[in-house]
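Engineer: Residues per chain, in single letters:
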Amino acid sequence: MADGAAVWRPVARCVVFCSPCMKGCSRGRYPYGLCSMADLSLRNIKKIYDKNVTAVHEFNLEIADKEFIVLVGPSGCGKSTTLRMIAGLEDISEGDLLIGGKRVNDVEPKDRDIAMVFQSYALYPHMTVYENMAFSLKLRHVSKDEIDKKVRDAAAILGITEYLERKPKALSGGQRQRVAIGRAIVREPQVFLMDEPLSNLDAKLRNQMRAEIIKLRQRIDTTFIYVTHDQTEAMTLGDRIVIMRDGYIMQIGTPQEVFDRPANIFVAGFIGSPQMNLFNARLEKIGEGYQVSCAGATIALSDRIQARLTEKQVGERDIILGVRPEHVLLKSEKSSYTISATVDVSEMMGSEVYLHVTAAGKDAVLRIPTTELTEEQRGGFSYGTEIHFTFRSDLLHLFDPQTEKSLLL
Amino acid sequence: MGQSNPAAAPQKNLSHVLQRRETTVAYLFLLPALLFFAAFVIVPMVMGVVTSLFNYTMKSPVSAESFVGLGNYIELFQDKVFLRSMWNTVVIVVVSVPAVTFFSLWVGSAIYQKTGWVRSFFRGVFYLPVVTGSVTVVVVWKWMFDFQRGIFNWALKSSGLIEKNINWLGDQRVAIWCILLILFTTSVGQPIVLYVAALGNVDQSQVEAAQVDGATKLQTFWQIKWPAIKPTTLYVLVITTINSFQCFALIQLLTSGGPSNSTSTVMYYLYRNAFSLYRYGYANAMGVVLAIIIAIFSALQFKTMNTGVEY
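For the protein sequence lines, the chains are A and B, in the order given.
Those letters in the first sequence? Residues 76 to 484, by this note's numbering.
Those letters in the second sequence? Residues 1057 to 1367, by this note's numbering.
There's no promise every hint is true.
Calculated lysine-lysine pairs in the DSBU-like style (CA-CA distance at most 35 angstroms, straight line) [as the list claims (entries may be wrong)]:
id, chain 1, residue 1, chain 2, residue 2
1, A, LYS437, A, LYS409
2, A, LYS126, B, LYS1273
3, A, LYS121, B, LYS1170
4, B, LYS1281, A, LYS219
5, B, LYS1281, A, LYS244
6, A, LYS480, A, LYS121
7, B, LYS1273, A, LYS141
In case anyone wonders, no lab produced these hints; they're calculated from the structure.
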């Protein structure tokens, strides 16, 4: 697995340990003589169910204070389990979880100073919105005036002040989600955990709430760990993204890194919409340089890719060639540098057209700006139309067919 | 808005017709049950109330001559046996309802998260007396309480706790508590099953949210789970109250109300008046009083337990 943990991270501030009596601790909430810092370390974390089902394998991640980390992956990849282990809602089978440098494997959820937003909102149905938001503060014996201030401040941030006296059942999905977030932010937690908080909302509301979360993050400067299966949420929200599959970390990196330099075929396919096209191809050596032969066409490689292959001393071999739909260049005529394909479906989106084609025996999607189309082509591509295309030589991805890993990293 | 949509009009009429047809069909389906209910519940109830105003016995049928107005009711409150029976009934209700509710809640919350077979074992153990049938259960209890050969006397005597055998069912002071114990064991089965189901249905994410919010296990129980299982508690309270008020079979089979009416309940006294003394009118008056008291208790329980419940 590619370990992108070292590539980028906000500078973590030093851990501040308070004296056991917690003197000098401005927050005074954390019962372990530790305060303010919320850098997390997940070291060789494993989750094993029923002694033989491993949901999370050797999870290693360092999360800096105030960093926004997104765990993303398909259903059953272990992302929610990992989040629940951080929250203390699941036992950690093996490994260490450290918050602010302190091992918290055996610390109760209530003592971890974390707040969590659940996919199902998990609002208490018998309490009003106000009571829901005040619940955690009441348990901590915060004074009534302070509770009132914090609840009203949070409600104002989230625009739910007018619903404070309502019960959750009288709210819409979006309003409930705001309450769930409000319930978490009144706590001013060290770590903010969000488990697919937008997946129960419709597309429009999801976009709106995504923007709200970005704004919220700017207002409440704390560590966020966000779980989603939606790569758009992952790309737009995260400082860094952790892409998971079957309990393994596939790649860790900034959104741009995982998009530009996917570590393996899974990440290449998972990040980006429409997903990356993958073709069977052969890497050939021409003197000191390289070229790719794909479906009878010769594809030139950029200097950067050539240099990387030379550096890694890659020999001639079969490869999987990955090309994003937007990195395809439509050509008017067939040549030894073009791949021919037949159009199955064309989707006109206005500024661009998505061409679903069959090329080299495989389905592929091409995303062509309408400005690059002829007048005739703008009228639409009929079924079976033959087209010819090539790729941008600097934006190709080469993968090993056996290990599925990138040959360029 | 002001203009009517011509296309909508036939649609509305059609849906109205469909709605009426659906309602008619629904009532037709309900009719047999409704007729049965009316014939065997409503009519007898009304007759019961009416005949309670008459000195209706085997010899004197309901007629103008046998009309006594509220005479039966006045007599009731001067009848020492009835008052004693009412007192016993209230004691049974006041003791058994909270005991059954708390015990079943405790057992339910202790076992609902256990593995399948543990849960089934406990449910089976507590539910067994419910399905066994009162006669069989009472026969066993009667042997256990037996003055000479009972297991209780044997055990207490063997362990040196008592010197002389206790006449469990023949002693005025303890007989009612023996009845209560049996009533308790035969009553907890169903509430336990209900609580196990209700607690299992509490939204786990709410419980987890409370844990993350900082609630202890006890706080999570009372602040999150308890409101969620309130409808079940209300049902358990009402059903146990009604069953306790109507406690009859145990007494009939075990003590026949004795000794000296110390275990007589309103239901048992009603039965004696109706089927031993054939004073139907008087017995019906007792039935009416009991029904009113049960209704008041149930209403109070609904009033107190139904607040803040989100269905």
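Engineer: Look at each hint and say if it fits the structure.
Structural biologist: Hint check results:
With a C-alpha separation of about 19 angstroms, the suggested pairing of LYS437 (chain A) with LYS409 (chain A) holds against the 35 angstroms cut-off. Distance check on the hinted pair: LYS126 (chain A) and LYS1273 (chain B) sit about 27 angstroms apart at the alpha-carbon level, within 35 angstroms; holds. The suggested pairing of LYS121 (chain A) with LYS1170 (chain B) holds, with an alpha-carbon distance near 25 angstroms, which does not exceed 35 angstroms. Of the supplied pair hints, the one linking LYS1281 (chain B) and LYS219 (chain A) holds, its CA atoms being roughly 25 angstroms apart against a limit of 35 angstroms.
Of the pairs offered as hints, the one joining LYS1281 (chain B) and LYS244 (chain A) holds, with about 18 angstroms between alpha carbons and a cut-off of 35 angstroms not exceeded. Distance hint between LYS480 (chain A) and LYS121 (chain A) is fulfilled; the C-alpha atoms sit about 23 angstroms from each other, no more than 35 angstroms. The straight-line distance between the Cα atoms of LYS1273 (chain B) and LYS141 (chain A) is roughly 31 angstroms, inside the 35 angstroms bound, and the hint therefore holds.
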